[in-house]
Amino acid sequence: MKAFQLACLSVVALGSLGLIGCGGPAADSTTSTSATGGSTTAPKGDPNLKGTISVDGSSTVFKASEAVAADFMLAFPGVNVEVSFSGTGGGFKKFGAGETDISNASRPIKQDEIDAAKANNIDFFEVPIGYDGLTVVVHPENTWATQLTVVELKKIWEPTSTVKSWKDVRPGFPDVPIKLYGPGTSSGTFDYFTKVIVGKEKSMRTDFQASEDDNVILTGVAGDKGAIGYFGLAYYEENKDKLTAVAIDNGNGPVAPSKETVTDLSYQPLSRPEFMYVKAEAYARPEVKAFVEFFLGTEGQAIVSEVGYVPFETATYDRIRKMFESGKTGSIFQDSTGKPVEAVLEAAGF
Amino acid sequence: MTPSPFSSVSAGRKFKDKFVHALCLTAVLVGIAFLVVVIVGGIRDGLPRLSLDFLRNPPNPRRPEQAGVFVAMMGSLWVVGLTLLIAVPVGVAAAIYLEEIARPSRTRDFVQANIANLAGVPSIVYGLLGLAVFVRAMQVGTNLLAAGLTMAVLVLPTVILVTQEALRMVPRSIREASLALGGTPWQTLIRQTLPTSIGTILTGIIFAAARAIGETAPLIVVGAVGFIVKSPSNLTDSYTVLPLQIYSWSSDPKKSFQINASAAIFVLIVVLTAMNLTAIVLRNKLQRR
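From first to last, the protein sequence lines are chains A and B. For the record, in the first sequence the residue sitting at position 326 is 326 according to the numbering used here, with numbers rising by one throughout. For the record, in the second sequence the residue sitting at position 10 is 10 according to the numbering used here, with numbers rising by one throughout.
Just so you know, not all the hints are guaranteed correct.
[To be verified] Listed next, the stretches of chain B that the computed footprint assigns to chain A, with coverage defined by at least 3 CB atoms under 8 Å from CB atoms of chain A: (1) 60 to 70; (2) 213 to 225.
[To be verified] Cβ pair distances, simulated, as ranges: (3) Val37/B x Ala315/A: 46 to 56 Å; (4) Ala119/A x Val121/B: 23 to 33 Å; (5) Leu52/B x Phe173/A: 51 to 61 Å.
To be clear, the hints were calculated from the coordinates, so they are not data collected in a lab. Please read all numbers here as calculations on a predicted model, not as lab measurements. Note that CB positions come from ideal geometry on N, CA and C, so glycine has one too.
Please take these sequences and the hints and turn them into a complete structure.
This is the structure:
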């Protein structure tokens, strides 16, 4: 009887392992069938390509990276891509320690991060993957606020804001109550907007209608004459007929958001390039090379645009490919804040 | 009629009794209410996703309707299983040593105090410890083994403290009877003390398992992955866990992913409840013997 009791103790201790024992072997078959079963595009990559690619870094880029990885694995079923979101800085720490193959970043790498990588003999390729551009939108019948300065935006959105009516924003604006819409506080878009407009990340007045669903912001602003909101440029471009985009004046005259003004970075401060840093040693592996090519190819660009970023011009992608072919490693964007990706690549001779 | 010895109890004391009764009941109800909110919320918001396919499918960032929690659930089970496999033998042995074998000394008191302290250390600290010791210094890598080791260290104080408590609750008379009948200390421990206390020890193990399945922060630090479609099949594999999957889905701007998050929360609670029920049934059975 006592032996039985001890046996029970060990049974419980091993209980969950037992469960795993049953689940383990079944795991692979279920995963692979459902992954291919959900496919809408026929696999077209090299089916013999195998290996694991570990990606970490920016949580903003995570959405794009994750989506590209999912489609990539449908095309290359033998390759396993694992994507994490430790944040840009956290990602670079792991990248510098040699623990990841690719590090996503919503800003260029910093000197101390380069030094840390160098100390571990890690060389990298720097790959811009697209622009992140935010668009401030108002109701089509709002004829007064088609241009706003960054200072006025700050006045509207800052935590201490007393703006209740449009007349509080600029003298001469009509007395129409203002209603605010925006992405929820957990989104990267919120972080970025608060950082560049309010001046402090995650700091904003709380009486705005928050939604993680762009569609809610769209319907809200389109249904209220006094409303103002913001979301990704790609979403605005699809709904140009329902809303008006506000031209932003950052001190150099108003600039309306568009693919062009985001791409040449004249639309400031609401646009910035996003990056992917690829370990040189990993890029020598065929599956990593295939993944990067997929990311920069037609499928990858379509996804980048779908998750709300502005993809580069074809010529820019050609330059990026040229950089890879030349074997150029290290950072050329490190001191390039505010300069268009195309121009930086050209200046570096690609 | 002889006056009952309780008839002298004043109305004031009766009221106090009722008041405390009501207070305690409210306290219980508050706890249950939150649980109900979570479960009902999970069912209501996650209903469109709650199906067998949701349990069988890997995550799918392109088509949320086809996504599932299979990979995360397997990851969680692996991590909890490994954690217990490491923490239970070590924890129970340590408790036996401290309680039954070690003579009272300053060193023992020092160790004892530290274990009690460790039980209160925030979990992120264990994550950083795991990263420095297991992942980097011992070169384990960012895999299941590192997760199991880290979580084992995290729950070890709980296992030790509860096991000690269980051993302390065994009546002195049982030990003395065994020894008087000629049993060696070892026989007394194996045949009397441990079997008598096993119910309470199990409770401690349940606590440990429940904590391990709900923890996220230390696992993010030691390398749990945000998006992975392959379930782990051995110790050196990468993994994700249910709470991390929930976090990743709930932070997605798209509504359909939020539905996934709700459904996954419901699954997590069902798994937790099932674990607790199994353990409670087992414990009651063992205690009746």
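Hint-by-hint comparison with the structure:
no.	hint	verdict
1	60 to 70	holds (count 7)
2	213 to 225	holds (count 4)
3	Val37/B x Ala315/A: 46 to 56 Å	holds (55 Å)
4	Ala119/A x Val121/B: 23 to 33 Å	holds (31 Å)
5	Leu52/B x Phe173/A: 51 to 61 Å	holds (57 Å)
Checked against the numbered hints given earlier, this structure breaks none of them.
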